[in-house]
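Those sequence lines, one after another, are chains F, B, U and L. Numbering-wise, our numbering puts 243 at position 243 of the first sequence, and it's gapless, one number per residue. Numbering-wise, our numbering puts 263 at position 263 of the second sequence, and it's gapless, one number per residue. Numbering-wise, our numbering puts 225 at position 225 of the third sequence, and it's gapless, one number per residue. Numbering-wise, our numbering puts 270 at position 270 of the fourth sequence, and it's gapless, one number per residue.
Hints are computed from structural coordinates only; laboratory data are not their basis. Check before you lean on any hint, since a few could be wrong.
Claimed, not checked - Below, in silico cross-link-like pairs of lysine-lysine (BS3-like), each with a Cα-Cα straight-line distance of 30 Å or less:
id, chain 1, residue 1, chain 2, residue 2
1, U, Lys177, L, Lys211
2, L, Lys172, L, Lys270
3, U, Lys259, L, Lys234
4, U, Lys270, U, Lys234
5, B, Lys211, F, Lys170
6, B, Lys259, F, Lys172
7, U, Lys193, U, Lys211
Predicted, not measured: the structure shown is a model, and the values here were computed from it.
Protein chains: 4
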Amino acid sequence: MIKAKIVGAGGFGGVGIVELLTTHPEVEIKTLVAIESVGNPISDTYPHLKGFCDLVILPPSDPAAQEPADIVFMATPDGVGMKLAAEELAKGAKIIDYSGDFRFNDKETYANYASRIGKPTEHAAPELLPLSIYGLPELHRNNINKKTKIIGNPGCFAVSCILGLAPAIKEKLITTKSIICDCKTGISGAGKKPAATFHYPLRYENMNAYKLAGHQHIYEVEHELSLLAEEDIKVTFTSQVVPLCRGIMSTLYGTLNSKTTENDIINIYKKFYGNNGFVRIYPSSSAIGTQHVRGTNYCNIVISVDERTSRLRIVSYIDNLVKGQAGSAMQNMNIILGLPEKTGFDRPGMYP
Amino acid sequence: MIKAKIVGAGGFGGVGIVELLTTHPEVEIKTLVAIESVGNPISDTYPHLKGFCDLVILPPSDPAAQEPADIVFMATPDGVGMKLAAEELAKGAKIIDYSGDFRFNDKETYANYASRIGKPTEHAAPELLPLSIYGLPELHRNNINKKTKIIGNPGCFAVSCILGLAPAIKEKLITTKSIICDCKTGISGAGKKPAATFHYPLRYENMNAYKLAGHQHIYEVEHELSLLAEEDIKVTFTSQVVPLCRGIMSTLYGTLNSKTTENDIINIYKKFYGNNGFVRIYPSSSAIGTQHVRGTNYCNIVISVDERTSRLRIVSYIDNLVKGQAGSAMQNMNIILGLPEKTGFDRPGMYP
Amino acid sequence: MIKAKIVGAGGFGGVGIVELLTTHPEVEIKTLVAIESVGNPISDTYPHLKGFCDLVILPPSDPAAQEPADIVFMATPDGVGMKLAAEELAKGAKIIDYSGDFRFNDKETYANYASRIGKPTEHAAPELLPLSIYGLPELHRNNINKKTKIIGNPGCFAVSCILGLAPAIKEKLITTKSIICDCKTGISGAGKKPAATFHYPLRYENMNAYKLAGHQHIYEVEHELSLLAEEDIKVTFTSQVVPLCRGIMSTLYGTLNSKTTENDIINIYKKFYGNNGFVRIYPSSSAIGTQHVRGTNYCNIVISVDERTSRLRIVSYIDNLVKGQAGSAMQNMNIILGLPEKTGFDRPGMYP
Amino acid sequence: MIKAKIVGAGGFGGVGIVELLTTHPEVEIKTLVAIESVGNPISDTYPHLKGFCDLVILPPSDPAAQEPADIVFMATPDGVGMKLAAEELAKGAKIIDYSGDFRFNDKETYANYASRIGKPTEHAAPELLPLSIYGLPELHRNNINKKTKIIGNPGCFAVSCILGLAPAIKEKLITTKSIICDCKTGISGAGKKPAATFHYPLRYENMNAYKLAGHQHIYEVEHELSLLAEEDIKVTFTSQVVPLCRGIMSTLYGTLNSKTTENDIINIYKKFYGNNGFVRIYPSSSAIGTQHVRGTNYCNIVISVDERTSRLRIVSYIDNLVKGQAGSAMQNMNIILGLPEKTGFDRPGMYP
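Construct the complete structure from the given sequences, taking the supplied hints into account.
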């Protein structure tokens, strides 16, 4: 069995990959590391894991936390993975990092990102950046393979926006200056740490826009779209939070370069994503919502054309904790370990 | 006391105006008419009204349903008010109609609207259209007054979009071809009739876009904005439903005609709405959400400028059942009866 | 105008009484005191109060916080009111305390209560206890009047249980050893402080029993029921939390002393509560839920008899933040100020 | 592969078993039958099944609906399974029926049940009743085996109550006249048919008791408990609905026959359920809620003793759609097909 280690095992992203790996036929979780709830089985803190994963969560200082693994998930915030990666690589591991640390594979691009989000612009391990690849297999399949050492797992909003816009950008369907990403997320995207704004009584009947000055995922959206367009793209991006737990709905707008029908665009999207198992394309008449991707690694994309204003409008749905996080991580893991991409994803979501 | 009649008293919009009028110091509800739950006190069907309004709901066929009133609320769908209005007017009433029947005051405009939503283009009472005014006092204060006979109460999405965009359009801040209205509504906007898509288990953890082919409120948004701009405006409009009960959050985008700061725009908005008691303007750093307008007649407007893309972004918040329906109706009523506009609106919302 | 001061103005209970008093015709809020968000208008922290109450929240150390008032609400946890009461009384105020500090009017009973909840058994102001009355007017109307100096406002669960059981106990319908209170509360009962267990993602699809070892409200339930029964009563009490914001549903069980019909019991309850404006009695066939009391000061009581097991079953519904807290406080205030009991309660709840 | 047919495939119970069987290693779904959405792939109506189960739903009149299967799930309401069972048995199938049709294996008991719920007392296939077994393996393991022809799958409330009370009854810990079942369910228990009482706006902030005159599951609770006690047991049973989707929390009360500690009772329960893989026992200090069983086949049971009143209090948690329905069905299927009981249950629930 392939051995997995999860650093940051106590957050939603860490528990998410634990849940997925418990049924993976080729991988066995060997080590859980975190800075909270240490010293107890993870199933004490997350009782639903009882009998599925009862490993004790180790503090980073525990020698057993340093045991080598074949694959290490860094389910950690910005700035952690870049410090731990070299040592794990030296022990033979491949790394999948959830943060922005390895989403940009040269130090200048990283510095630009870091300055945009108000962080120190110097990367702690710049020599590793060329080893990393942005973990969106639907765009970078040619470069994600058994030789890959580090995956920069994408941000949740970014997955929904990039998958929703990539074919339109690649095929130059829309003008590059016209792009607006209006994104709504469920609350689990904010993580497990309690805060007034996510306290049930203050959230159950409330929706709002936030971070209007700029969300940390904009940069990677623009970076990936610019690579596809082969020109510099800037987007208007609005992050909004609505009272559900799981789900992102990103409504994406762009002005059409020429008269094009919904059917034409559906065909372009289907062709673009032809061999990708986790993207589904729907016409505008479909009754698709976040509940249809909940608990799954799918991205459902609804295509519509507003003929009166010559705009393309894409609605992109994902589960922020699966395709937006742990699911993408396992999908990337499968590929870089040489396993079939869908291994371990053999179940539909739970409904309702 | 001024006598009020409510036709369509059994829906959310009818109950909403009953709730508001129970505490209005100058108006007394005298007659409730509906086609469901007839023959019983409204407080049997809506027990929270017990002791506040215990009038029996009359069927339209009951002679008592024809008693004259000073003000008649037509809390009814398209096509009903236009048939009943003439008779009520003849008995001396003023009319506030919730539907699209009187939102356009000439028959050609009505016909355009009707054809857009797939209804017969002929109005049942075209001679009454010139008596009607679009019931958004913040824009039409000069024309809504004691002489007004009929108010076409605006649509909920329309209120949020028009109030959010009017100053920008009027002051030519944004290009008229660039407008996008990305609108999210709570579920009460769909009314009280059960349907699969609003069945709790299918809705609690679900959000989705709907009516991508065109929502019935687009036309009045475009009509009002075109009047302000003195040119023909078309917008891209997306209706989306999210799992909360009350609240609309409309995120409105337009390309700036020239470099303008957030502060400049805040000042323009504050000046535009200076004398209007139900609009509040906030900077982009504010933590405002739908919960802050819930149960109230306020429209909270957050201003932001995306300098990187030269776009104005407005987030407009209302309670769809108050400022988006019954509250606007009572506000209009106050004005056309010659009462202070805020009469009966003397309480804050309930929190949390 | 009567002058009111609110200590602990920043919590749900403090905001609740602010909301209610903004529309009270005889009372004016003059002073807000709290230990958080001080120095800013309360409407900065609670934007829905903008224009209704914009007083600055003062820290206790501010001299203006010591201004005399006619009525002081201590919306504070156990142990605060008992320390502040004497000084406010000396300045001529009457006091309504939300905590357990004044729910028991002799020091022995207080000591028993305190020991049950693991607090120091000595009261900080035992000389004031004889001045206080348990603030449930439906039971203590004869003793709550213009001479009353201190009200011990009842606990939310206690209100629902005591009102649900009082007539049955008083009329000796059920055996005193058989009483079970199965209570479910919305989350606002836990206050505004964020905690993991009330974090939206961990609560939206979760219900659970808690404090199985003993809830702090049991003692006052038993104390009040024992007074009515003129014998010592012990109950089994289960506190449970379910994913809604406002509302308590207490299902109360007792073994009938003799064969009695639902109708008999309805009549007994109606007679018992005859002159009390905030209690409504319903038969078992009624479709009553917490939504029918939300935002109101009512207690709705549904009566049923399980003939097969000779048990009385009462379901008692309140809004925990109104009849369970701020509403009872204002009701008590009205009585001890000599105002009609329903003053300021002239509106139905909001629906839906 | 073992061939499965699902009759009533379009409801929550039908979709639930489809979801579970898609990952079952030994069983293949071959036939879906229903009376709604017929003629289309089930994944058109339930898009989350796309790629997992795309079989067309057949109407009962379709000859293909009569194809033989090894196991037939009757995910149908009372009165359907009893009419279809004989024919399926004749074709060699085993049957798992979700309704009350086969929960009582003689015609007199069935008649008693039917009369209690106001249905015709005559069973349509009384000759089949002796072939059926009540499908709670934790109690009837000795009688559920490869020879079993028909399983009467238990009701959701019944599972939670019976599992919570069985050891206490069997070991005579509590007096048989003292039992109260206070049960709360999520809304999915009501099925997928929209109704006013489950319309999101009327349910999101509402909880209530219902069917106070008697719920259809009481009879089987009493029947099973009476078998265990070897005497006639009657319980007081209260059904309540709270605003979440999945989950039952049943709080169960009984007067202790003698002084017993929580630890003693935990040991008794653990011994009783020793070999049963889907029951977990917790002390009263545990922080267990419905979220910990959501999406799983587990029943979590929390034990507490109220020493002051000498009462045992059990809180029993299940997912009403899994252990309360489709999960129990698959567990029963595994046993009667001779497969390991946990086959196909190899994943934890999704969290949060």
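Going through the hints against the structure:
{"no.": "1", "hint": "U/Lys177 <-> L/Lys211", "in the structure": "27 Å, holds"}
{"no.": "2", "hint": "L/Lys172 <-> L/Lys270", "in the structure": "16 Å, holds"}
{"no.": "3", "hint": "U/Lys259 <-> L/Lys234", "in the structure": "17 Å, holds"}
{"no.": "4", "hint": "U/Lys270 <-> U/Lys234", "in the structure": "25 Å, holds"}
{"no.": "5", "hint": "B/Lys211 <-> F/Lys170", "in the structure": "28 Å, holds"}
{"no.": "6", "hint": "B/Lys259 <-> F/Lys172", "in the structure": "28 Å, holds"}
{"no.": "7", "hint": "U/Lys193 <-> U/Lys211", "in the structure": "18 Å, holds"}
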